[in-house]
Structure formats: structure tokens, C-alpha cells
Amino acid sequence: MASILRVDTITDASSSNSVATSVLFEGSSKHWILMNGTGTVAVTDSYNNTSITDNGTGDYTITIANNMNTANFCVATGGGYDEDGSTANNRQGPGASNKTTTAFKLTTGSNTTAADDWEAPAAQTLGDLA
Amino acid sequence: MASQLKVDTITGVTTAGSVAVTGEGNSTTTNLQQGLAKAWFACDDMAILDSLNSAGLTDNGTGDLTLTVTNAMNNDDYSTGMGAGGSATSDGSMRLVEGADATTARTTSAIRLRQGYKATNLTMYDDSLCSIQFFGDLA
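For the protein sequence lines, the chains are A and B, in the order given. Going by this note's numbering, the first residue of the first sequence is number 499, and it counts up by one from there. Going by this note's numbering, the first residue of the second sequence is number 1076, and it counts up by one from there.
No wet-lab data here; the hints were simulated from the structure. Careful, some of the hints might be misleading.
[Claimed, not checked] Cross-link-like lysine to aspartate or glutamate pairs, in silico, DMTMM-like; alpha carbons within 25 Å at most: (1) B:Lys1081 with A:Glu524; (2) B:Lys1113 with B:Asp1151; (3) B:Lys1113 with A:Asp552; (4) B:Lys1081 with A:Asp510; (5) B:Lys1113 with A:Asp626.
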């Protein structure tokens, strides 16, 4: 049977490490994604992600399933331009912008100022859920 | 009244690897396990400063490093966050990118990275702070 536990602090049995549940929740990623950003874009793996949209070269919209509370969430980014690294020279991005409570843009670039598709861009979202 | 739970392991009742927690806005829940970083590394000059679930760093050459985790991921589709900075170079525009050669793709337990600063192409460089986090499913 499913059960709910209401508690303010979680401590290990030896009482040597404790964390407020609010810190645990605030520090957890509320959404993450690894995607294929070339050709027909696709989600490789994700959590709390509804869909991705290809807006053009190096320009993707990431849509979150359960909304964030505000648009002021933090997005960490990573991944790779070339998944096997064979041409992994200096690349710009990924950058995150146009944030709303349900979506944000992920943009990837080349080794100049030009936009470029990446094979495997990644992002994680931290902040408050609605 | 404030309450405190003393426990070493939290396990879901319906599904052992799934514990829902109520979000900050009190209207939705999020999955505790999915939201946790499964590994993270803070490195400087090809040495690990601090980490979680780390099995070590391999120095493959200037600006070329492999990070290995102790408890493997469930597959190689994990999401990574990464950043670099603190370079002493005049350029100061540090980058951390995945991949180093055509034969070293990521695995469930290791990822190979290039670290360097902006030039026409990436100029490989050791002495820089770098951070990387792994999000995804543990094996």
C-alpha cells in the first residue's frame, strides 16, 4: 500500500549526517534530458519531459511535463557535439533561454558564432515545481 | 511540530526504486530518485577535488581526461551537466566537451572529456576547474 511520510529532517541511523527535507527537494533536479539534436530530433532519455521541438539549426524547444513554479529556474547544460568525439573541437553552448514555467530553448553552436546542431545535447532543470 | 526521521536507506513501497515527494508549490510530486545526481566531480589540474560515486580520473594527456564512476549507470543515455573555468590563461574562455576520439564513446561507467580554451579550435589545457554531473538511472 502506498504511504505518505511527513517529516522535516532526514538523518542517517548513526545521526552523523542529516538533511532537511526542504534541502533535499530543493536540490533535486526536477527535469533532465539527453537528446539527439541532428536530423530528426528525438529524446534519447529524459525525466519529466513532454517533448522537444526542432526550431532550426542549433535551436530546440524543451517542454517540461509538470510545470515549474516560476520561469526563474536554473538550467545546467552539457552533452556533446559529436557523440563519439571524433570531431569534438571547441563548440559554443548549449545555452538556455526563453524560459517559461513549461519550456525553455536550448541553443547549440559551432566553433564560430554560427548555430550548429549537436548530436547529443543535454540539460537539467533545478528549481521549484508548481 | 518539527519532526526527524532517522534512517539509512529510503525505499519505495510500491516500487523500490521510486519515491515520490511533493513539490515546493504543493501541487505536484516529483520522483526523488530521478532528480538526484548519481555522480558528480569537481576537478582541478587533472585531480579530483571532491566527488560523489567516483572511481577515479584518468589523465590521458593534456586536456584529455576520463572520469569513471563506481556504481554504473543503467545505460549510456544519461544526461550530463558540465562546466569549466578558473583558467590562468589570457584567453580565459574555458570549455569542457564530451568525447576525445572516434573510438572512445561514453559507457555506463565512464565518460571521456576534452578540456581547453577557446581558439580556432579547442586548445587543450590541464589547469582548469571543471565540474560534471550525471543524471539518469543507476544500474
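Under the criterion that the straight-line Cα-Cα distance not exceed 25 Å, is the pair B:Lys1113, A:Asp626 satisfied? Holds, at roughly 20 Å.
For the pair supplied as a hint, B:Lys1081 and A:Glu524, is the alpha-carbon distance within the 25 Å limit? 20 Å, holds
Regarding the pair B:Lys1113 and B:Asp1151, is the alpha-carbon distance no greater than 25 Å? 13 Å, holds
Hint check: B:Lys1081 vs A:Asp510, CA-CA at most 25 Å. Holds or violated? OK: B:Lys1081 and A:Asp510 at ~5 Å, within 25 Å.
Straight-line alpha-carbon gap B:Lys1113 to A:Asp552, limit 25 Å: Distance ~29 Å between B:Lys1113 and A:Asp552 Cα, so the pair is violated.
The structure fails to meet hint 3 from the earlier list, while all remaining hints are met.
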